[in-house]
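Residue numbers (my numbering), protein chains in the order written: chain L, 1 to 224; chain H, 1 to 173; chain R, 1 to 382.
It is worth saying that the hints were derived from the structure and are not from the lab.
C-beta atoms are modelled at their ideal positions from N, C-alpha and C, and glycine is treated no differently.
Watch out, some of these pointers could steer you wrong.
[What the hints assert, rightly or not] Some, not all, of what chain H presents toward chain R, calculated at C-beta under 8 Å:
#1 LEU48
#2 LEU59
#3 ILE62
#4 GLY63
#5 VAL65
#6 VAL67
#7 SER126
#8 LEU130
[To be verified] Simulated restraints, written as ranges between beta carbons of each label pair:
#9 GLY21/L x GLN340/R: 47 to 53 Å
#10 TYR103/L x MET74/H: 46 to 52 Å
#11 THR52/R x ASP124/L: 54 to 60 Å
#12 LEU355/R x VAL20/L: 30 to 36 Å
#13 TYR345/R x ASN2/H: 45 to 51 Å
#14 ARG376/R x GLY21/L: 24 to 30 Å
#15 GLY364/R x ARG25/H: 51 to 57 Å
#16 ASN2/H x THR52/R: 49 to 55 Å
#17 LEU276/R x LYS132/H: 33 to 39 Å
#18 VAL105/H x GLY293/R: 55 to 61 Å
Spelled out from the first residue to the last, the chains are:
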Amino acid sequence: MSILGGGIFKGMAVTLRNFVGSYINKKERLPTNDYSWRADGALPQSIGDYPKEKGEQLSDTTTVTEYSRNFPMLLHDGGEPMDTVRCVACQICERECPPQCIYIEKDYDENGKYIKRPAVFDIDVSVCMSCQICVEVCPFDAIVMNSQFELSTPNRFGGLLVRRDDLLKSNDYYHKIHPEEAAARDGKMATEKAAKEAKKKAAAEKAKAAAEKKAAEAAKEEAK
Amino acid sequence: MNEEIAFWILSAIAVLGALVAVRKRNLIHGVFALLVFFAGLSGLFLLLLAEFIAAVQVLVYIGAVGVLLLFAIMLTERVAGDDNRRMTSRGWRWGLVMAAAVFVVLLLRPIQKWPSPEPPQPIKPSVEELGKKLMNPYVVTLEVLALLLTAALIGAVTAAQGVRMPKEEDSQE
Amino acid sequence: MSLELLIDILIATVPLMLIFATLFAFTTWLERKALARIQNRIGPNKVGIPCTRIGLFGLGQPAADGIKMIFKENIVPRGADRLFHLLAPILALIPSMLVLCFLPLDFPWLNEDSVKAFLLDGAVIFFFAITGLNTLAVFMAGWASRNKYSLLGGMRAVAQMVSYEIPLVLSAVIVVMMVGSLNAGEIAGVQTGGNWFVFSPWGFAAFVIFFIAALAETNRSPFDLPEAESEIIAGYFTEYSGFKFALFFLAEYIAMFAISGLAVTLFLGGGDGPGLAVAPWLSAVWFLAKIFGFIAVMIWLRGTLPRLRVDQLMGFAWKFMLPISILNIFVAGFAWHAEQLGNRYITVITWVISLAVLYGAACGLNQLNRGKVRPREYKYAE
Numbered sequence: 001m002s003i004l005g006g007g008i009f010k011g012m013a014v015t016l017r018n019f020v021g022s023y024i025n026k027k028e029r030l031p032t033n034d035y036s037w038r039a040d041g042a043l044p045q046s047i048g049d050y051p052k053e054k055g056e057q058l059s060d061t062t063t064v065t066e067y068s069r070n071f072p073m074l075l076h077d078g079g080e081p082m083d084t085v086r087c088v089a090c091q092i093c094e095r096e097c098p099p100q101c102i103y104i105e106k107d108y109d110e111n112g113k114y115i116k117r118p119a120v121f122d123i124d125v126s127v128c129m130s131c132q133i134c135v136e137v138c139p140f141d142a143i144v145m146n147s148q149f150e151l152s153t154p155n156r157f158g159g160l161l162v163r164r165d166d167l168l169k170s171n172d173y174y175h176k177i178h179p180e181e182a183a184a185r186d187g188k189m190a191t192e193k194a195a196k197e198a199k200k201k202a203a204a205e206k207a208k209a210a211a212e213k214k215a216a217e218a219a220k221e222e223a224k
Numbered sequence: 001m002n003e004e005i006a007f008w009i010l011s012a013i014a015v016l017g018a019l020v021a022v023r024k025r026n027l028i029h030g031v032f033a034l035l036v037f038f039a040g041l042s043g044l045f046l047l048l049l050a051e052f053i054a055a056v057q058v059l060v061y062i063g064a065v066g067v068l069l070l071f072a073i074m075l076t077e078r079v080a081g082d083d084n085r086r087m088t089s090r091g092w093r094w095g096l097v098m099a100a101a102v103f104v105v106l107l108l109r110p111i112q113k114w115p116s117p118e119p120p121q122p123i124k125p126s127v128e129e130l131g132k133k134l135m136n137p138y139v140v141t142l143e144v145l146a147l148l149l150t151a152a153l154i155g156a157v158t159a160a161q162g163v164r165m166p167k168e169e170d171s172q173e
Numbered sequence: 001m002s003l004e005l006l007i008d009i010l011i012a013t014v015p016l017m018l019i020f021a022t023l024f025a026f027t028t029w030l031e032r033k034a035l036a037r038i039q040n041r042i043g044p045n046k047v048g049i050p051c052t053r054i055g056l057f058g059l060g061q062p063a064a065d066g067i068k069m070i071f072k073e074n075i076v077p078r079g080a081d082r083l084f085h086l087l088a089p090i091l092a093l094i095p096s097m098l099v100l101c102f103l104p105l106d107f108p109w110l111n112e113d114s115v116k117a118f119l120l121d122g123a124v125i126f127f128f129a130i131t132g133l134n135t136l137a138v139f140m141a142g143w144a145s146r147n148k149y150s151l152l153g154g155m156r157a158v159a160q161m162v163s164y165e166i167p168l169v170l171s172a173v174i175v176v177m178m179v180g181s182l183n184a185g186e187i188a189g190v191q192t193g194g195n196w197f198v199f200s201p202w203g204f205a206a207f208v209i210f211f212i213a214a215l216a217e218t219n220r221s222p223f224d225l226p227e228a229e230s231e232i233i234a235g236y237f238t239e240y241s242g243f244k245f246a247l248f249f250l251a252e253y254i255a256m257f258a259i260s261g262l263a264v265t266l267f268l269g270g271g272d273g274p275g276l277a278v279a280p281w282l283s284a285v286w287f288l289a290k291i292f293g294f295i296a297v298m299i300w301l302r303g304t305l306p307r308l309r310v311d312q313l314m315g316f317a318w319k320f321m322l323p324i325s326i327l328n329i330f331v332a333g334f335a336w337h338a339e340q341l342g343n344r345y346i347t348v349i350t351w352v353i354s355l356a357v358l359y360g361a362a363c364g365l366n367q368l369n370r371g372k373v374r375p376r377e378y379k380y381a382e
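Take these sequences, add in the hints, and give me the full structure.
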């Protein structure tokens with residue numbers, strides 16, 4: 001029969017080991033990143049600067065893995081973002097979003113004809129619950145999850161409404177943060193494209209064969 | 001001199017607490033004012049150098065009876081009343097007469113300058129004396145009180161159990 | 001009131017308040033760091049010297065927290081009792097600070113006159129009486145918030161505190177019984193030379209009971225059901241913001257110090273330790289070191305144990321702690337009489353018997369209280 005309350009002492013021994021171990025072998029015991037400044041770190045520009053780069057922000061690799069996700073981002077295939085943006089403003093994600101945090105407006109050219117790109121694409125990240133439904137339903141693989149987490153802002157009247165231009169990120173950035181997922185997605189797109197091309201070629205061949213057959217028949221009719 | 005000032009201050013606290021307690025319509029405010037009264041009373045006990053009684057007054061009256069009153073009030077519904085309504089009760093004239101009578105009786109001796117009896121032997125108020133007296137002449141009282149409290153506790157627990165549902169007789173068919 | 005009396009009172013109380021306020025700031029920092037290290041993270045380490053980047057292991061964090069609390073907006077819910085909403089944190093703070101005076105802390109600047117007011121003959125029972133006022137403050141806080149959940153949290157907190165007061169007082173009664181006096185200074189004085197009460201079986205049992213009940217009295221883990229954030233959204237604290245919350249926090253920690261101080265006085269010899277003959281001022285140092293040890297163990301337990309459910313909490317108090325404390329009183333009385341005989345063998349036998357009885361009773365009660373798994377009984381549904 002164990003000592004009365006023995007479980008408590010065992011638990012206390014475990015926590016003591018954790019406590020002491022966190023000073024001795026830091027790498028094993030402290031998986032979180034240490035944000036204290038070191039002497040060889042870059043100098044901050046102003047008081048309160050955080051170690052981050054402007055523009056596309058790479059995530060911190062100790063707490064953010066390649067499977068983490070935070071809020072969505074729009075993909076473009078390199079170059080000028082609005083030239084190669086994959087989103088066509090079909091508004092499926094806007095309809096499927098459970099808390100309805102996406103707002104999309106289609107883009108029209110000078111004649112009023114619908115161009116296949118969004119004029120306005122806003123996501124309210126204070127509402128977004130990171131459910132990834134928009135990613136699942138997008139037929140064009142245009143919207144995927146980003147793992148950027150430093151989105152806090154002192155502006156409480158719209159600081160957390162992320163506009164289209166801030167949401168656009170390149171496919172290379174996507175490969176950097178989620179390599180497996182990006183490779184899988186690219187592979188899927190490539191196979192789909194190949195399948196479509198094959199189908200088109202097959203359809204073209206069939207059409208050609210049908211046309212040839214028709215020409216042959218017509219020639220036969222004529223020869224009769 | 002210091003004791004007089006302390007007496008006046010403590011008595012003022014006690015009387016004010018009691019007055020607020022009976023005047024307020026809001027029951028919770030009233031109970032807290034009553035607790036202030038108990039605290040003033042405990043201070044008066046301290047003035048008489050009865051430390052144990054003062055501590056027990058705080059412990060029992062404020063800590064236990066006060067909390068009990070608060071629990072009981074919380075389980076009722078109409079607690080916060082309007083203070084501005086005049087508090088008139090039906091027999092307030094007779095109440096005034098009774099209060100004056102009690103006041104006169106309490107002050108009768110100094111008024112008539114009755115000769116006070118022999119002051120008793122000054123017993124040093126200490127917990128040890130209290131304990132010895134509890135054991136020697138007053139042990140029966142102690143045991144009866146303990147029995148009374150146990151009976152009250154058992155009664156409270158039984159009353160809190162509620163009515164047991166009678167067993168269903170026809171469930172065996 | 002003479003000037004000397006006033007100066008004596010100030011000398012006795014002001015340093016005490018300053019020392020314990022500093023200890024409070026240090027304890028909040030220590031708690032956050034220790035809990036963080038237990039949980040494999042670092043804890044606050046950026047707030048050090050202001051306007052520089054030197055984070056002195058986060059030692060400036062308590063000051064930063066205090067300044068933040070002062071500047072927060074003071075929100076009182078509409079329809080809440082404004083007077084009681086204001087009074088509740090004050091009523092929580094006053095008893096906690098008041099009982100600090102009853103601890104037999106022999107600071108070197110205190111002379112005979114200044115401590116005379118606090119060398120009460122009934123110090124121990126005053127301690128318990130004033131600690132009981134904490135329940136009132138909790139109730140007032142829960143009531144004044146005009147919030148169903150605050151009220152519920154407040155009721156549960158009061159029920160918990162009232163239930164655990166009984167084992168607390170009963171385990172202190174053992175020490176009072178063995179010493180024969182309620183004077184805190186005398187109790188601490190009897191234990192000089194290393195024969196602390198914790199080293200005897202009944203004293204040790206009383207110490208354990210006292211410690212567990214002290215954890216429950218100050219709403220500390222694992223008994224922090226009333227104020228846990230995942231439970232009832234901080235219970236009776238919910239509607240408090242800014243400085244009032246800081247006052248509640250302060251009151252809780254100073255109550256922790258006060259009860260640790262009482263435990264040190266009653267069981268651990270209060271100020272007893274090596275080197276007293278050479279430097280008498282070391283007794284205050286030892287006292288504070290022992291209080292610090294208690295705080296460390298409390299923080300350690302907080303990081304280790306999960307929270308108790310309310311029925312487990314109340315069952316533990318009434319079905320386990322109360323019978324053990326009553327049995328402990330009997331055992332201690334029996335042992336006291338045996339020790340009066342002065343025979344060494346009888347003393348040893350008494351110790352062994354009391355150890356066996358207490359441990360056996362604890363195990364027996366534990367077995368008795370094991371919940372039996374029964375088919376569910378519906379009292380109100382048909």
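Right, here's what the structure says about each hint:
Because the beta carbon of LEU48/H sits about 13 Å from the nearest beta carbon in chain R, more than 8 Å, this interface hint is broken. Look at LEU59/H: its Cβ gets to within about 4 Å of chain R, closer than 8 Å, so that hint holds up. Against a cut-off of 8 Å between C-beta atoms, the interface hint on ILE62/H holds, since the closest Cβ of chain R lies about 7 Å away. For GLY63/H, the suggested interface contact is upheld, since its CB lies about 3 Å from the closest CB of chain R, less than 8 Å.
Here the hint on VAL65/H is broken, as its CB sits about 11 Å from the closest CB of chain R, past 8 Å. The closest approach between the C-beta of VAL67/H and any C-beta of chain R is roughly 6 Å, which is under the 8 Å cut-off, so the hint is satisfied. Checking SER126/H against chain R: minimum C-beta separation of about 7 Å stays under 8 Å; hint holds. Checking LEU130/H against chain R by beta carbon gives a least distance of about 10 Å; that is not within 8 Å, so the hint is violated.
At about 51 Å, the beta-carbon gap between GLY21/L and GLN340/R stays in the expected band of 47 to 53 Å. For the hinted restraint 46 to 52 Å between TYR103/L and MET74/H, the CB-CB distance of approximately 49 Å keeps it satisfied. In this structure the supplied range 54 to 60 Å is violated for THR52/R paired with ASP124/L, their Cβ-Cβ distance being about 38 Å. Checked against the hint of 30 to 36 Å, the C-beta distance between LEU355/R and VAL20/L comes to roughly 32 Å, which is consistent with it.
Remark: the range hint 45 to 51 Å for TYR345/R to ASN2/H is contradicted by a beta-carbon distance near 56 Å. Checked against the hint of 24 to 30 Å, the pair ARG376/R and GLY21/L fails, with Cβ atoms roughly 44 Å apart. A beta carbon spacing of about 53 Å between GLY364/R and ARG25/H agrees with the range 51 to 57 Å that was offered as a hint. With their beta carbons about 53 Å apart, ASN2/H and THR52/R fall inside the hinted range of 49 to 55 Å.
Take LEU276/R and LYS132/H: their Cβ atoms lie about 35 Å apart, and the range 33 to 39 Å holds. Between VAL105/H and GLY293/R the CB atoms are about 59 Å apart, so this pair conforms to the stated range of 55 to 61 Å.
Against the hints set out earlier in the document, violations occur for numbers 1, 5, 8, 11, 13 and 14.
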